[in-house]
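Read off the chains here:
2 protein chains.
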Amino acid sequence: MSEENQKKSTLIDWDSRYAGRVPYLKSSAIRDLLTLTNQPGIISLAGGLPAPEAFPVTEIKAAFNEVLEKESTKALQYGTTEGYIPLKEYLCESMRKYGVPAEVGNVIITNGAQQGLDMVGRLFVDEKTVVCTEGPTYLGALQTWTFHGAKYCTVPIDKEGMRTDLLPELFRQHHFKFIYALPNFQNPGGVTMSLERRQELANFAQKYGVFIIEDDPYGNLRYEGKDVAPIVSLAKDNTFYLGTVSKTLAPGLRCAWVVAPEAVISKNVLAKQSSDLFTSMLLQMAVHKIYTSGMLKDHVANVRVLYKERRDAMLTAMDKHMPKDVIWTRPEGGLFLWVTVPSIVNTTEIFEKAIENGVAYVPGVAFYPNKVEDGLHTMRLNFSYNNPEKTKKVLNV
Amino acid sequence: MSEENQKKSTLIDWDSRYAGRVPYLKSSAIRDLLTLTNQPGIISLAGGLPAPEAFPVTEIKAAFNEVLEKESTKALQYGTTEGYIPLKEYLCESMRKYGVPAEVGNVIITNGAQQGLDMVGRLFVDEKTVVCTEGPTYLGALQTWTFHGAKYCTVPIDKEGMRTDLLPELFRQHHFKFIYALPNFQNPGGVTMSLERRQELANFAQKYGVFIIEDDPYGNLRYEGKDVAPIVSLAKDNTFYLGTVSKTLAPGLRCAWVVAPEAVISKNVLAKQSSDLFTSMLLQMAVHKIYTSGMLKDHVANVRVLYKERRDAMLTAMDKHMPKDVIWTRPEGGLFLWVTVPSIVNTTEIFEKAIENGVAYVPGVAFYPNKVEDGLHTMRLNFSYNNPEKTKKVLNV
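Top to bottom, those sequences are chains A and B. Read left to right, the first sequence gives residues 362 to 758 (the working numbering). Read left to right, the second sequence gives residues 362 to 758 (the working numbering).
Chain A on its own, in the form it takes in the complex:
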């Protein structure tokens, strides 16, 4: 480019060019805070990361080798938006065993569960949409739906999960379009929704014509107690079920799935087609190889042993070291503890102090879509990522 042209060029004022929805696209203050947790020397209880020791590396490597050896043409070419059919068939079968009524036409493979949440946003959320979430709830769902224009109402949780008794009154006030539920080892609350509550939620959805997004990343990670029937098994025509390999195999495989009524899946396919065409066949075929190798049952059992140890170590350390007026959940599975501190303590305010002392957590406010005060005195602690010795070391400080 000539100097003359350089001079003629007018810098674009990008802020004036963005679409109307872009102001909703914010890096939460929390995400900014959390960049601090990546500093060397910080022991982070903040993330939601699986333990790298739990990745079945040998099996993953063997699967990639086999797929590239035998089916490279299919694995490396463009693939269908719907997903790799043998993987979908396998998932359907294992989900049916788990109580999820799924046929191949009910399933789409997504690039991680976040993409499933985004598809829900693309298809169902605009500026007229009210979403009912649990309070607290998953940060990533709020981020995408807020971008698509969502307003929110929240239903509190207690030790049996979502307070379904409050739904009719909330609906009268807010006319929400759908309810977002994390029924197993809730992120961040750590609680599991009882069967009674699930049934009550299913009945509510059917009676009021609302639908449910059942997000179940941790369902396989139960360390005690018995599986509870998935919501989708109680209200199959009203429920989107989201599953993923991220917590049982590895997040880097980017394979997740949505189970939903067939008519909606066909719209999901169009929404995904415009988003990113397809999810890598190589990844899907490798996941399928791993699943059908027969290693999954033992692997999940091992992961459960590892995470149970870590949960127990954290609970023991909490019992030993936390002041009496601090309370926390005792999750039957999943990755997180939810901690409530006395109301004189603001967990966002003490966050920097915690960082100075070498430990990070997520302040509770991050998990609420509306009023900031809702989470002021709470925090989420992750127990899956660090080994127990490290966790003890931190909590002994």
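Because identical chains share one entry, a pair is satisfied inside a single copy or across any pair of copies.
No farther apart than 25 Å at their CA atoms in a straight line, the calculated lysine to any residue pairs in the SDA-like style are these:
id, residue 1, residue 2
1, Lys512, Asn731
2, Lys658, Val418
3, Lys422, Glu432
4, Lys387, Pro622
5, Lys435, Arg665
6, Lys520, Tyr459
7, Lys489, Phe565
8, Lys431, Met656
9, Lys520, Leu737
10, Lys435, Gln400
11, Lys658, Glu454
12, Lys435, Ser654
13, Lys387, Asp487
14, Lys538, Ile373
15, Lys435, Val666
16, Lys512, Tyr385
17, Lys435, Thr398
18, Lys422, Tyr652
19, Lys435, Glu450
The hints are simulated quantities; they were obtained by calculation from the structure and are not laboratory data.
Take the given structure of chain A and dock chain B to it, following the hints.
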């Protein structure tokens, strides 16, 4: 679920639940037609698929093995939304050689180039947005931007590419926000934009404060003639440059990138975070290994030889067999020929007849956002996927 509850359940009328933008989310009639091309026995000149013989399977397998051997913890864990820094550094360096001014802060890795186009849609397109595309243009860009609310005006192309002389008048009429250009071996037109036209486009963008999306999937696939400077090198503050590994390595690796002003990349990061959190580190690290193994130069040279042969075979067969009043482009690279038939022939109407005769193409109407008549007498033919013998066989029918 009890029978009683089954009876109580009311089926949801999904159509009444969709967001306001969903009516824009259509499977084009063309995509439906194209499902016909997957029938056994059909030789398809319709897709935009690279030749599977061109996938560097051995190198890809070695790369996955090495990454999983040495860096599995990083490759399989959650990754950053921005992308794998060593890959971004490599891309910046090679793009600078190619004339694209890129630093790491100017780049985001996307899950294929379609995701880059969707990011542009998320950030810049709403119902008030007019987009100026070449006519004809890439189908996938139209699909995502239409979903985000775009209206269109089109600027025709001739053998030197976009008719940039028409831009000021088009702008006066339509006040478009940005211009979408495929300057190298255009999809579907097959033409390459001359340096003069690129400079004129750059000048126009700078003078009128519009920006340019420069989509360059085929830039490396030149079979004759000399590289022309990328538009971004002429208007770096006004241009988004989109690159991808899909056509030179393999689509199944799902690695592409956007180069843009740093302020916009930070918004892109937020948009991607809400879409799918991150692109698989395993895929990015494998691509990085392949790129830095030193194989790329020879590999691209080989692919060029293969595709040049296929282009020449198709051109020879066209010369030999096509009626005199049919004309077509003679692309210097890329994957496509653009064919114009006499105005008494409607390429959509004869499509089914072509399928009956065992050959598929894409009717021209698919590539125009507005008036259907624009593409009635044109079609796109792909020469990269089938081998020359097959192509000859088809055209000899």
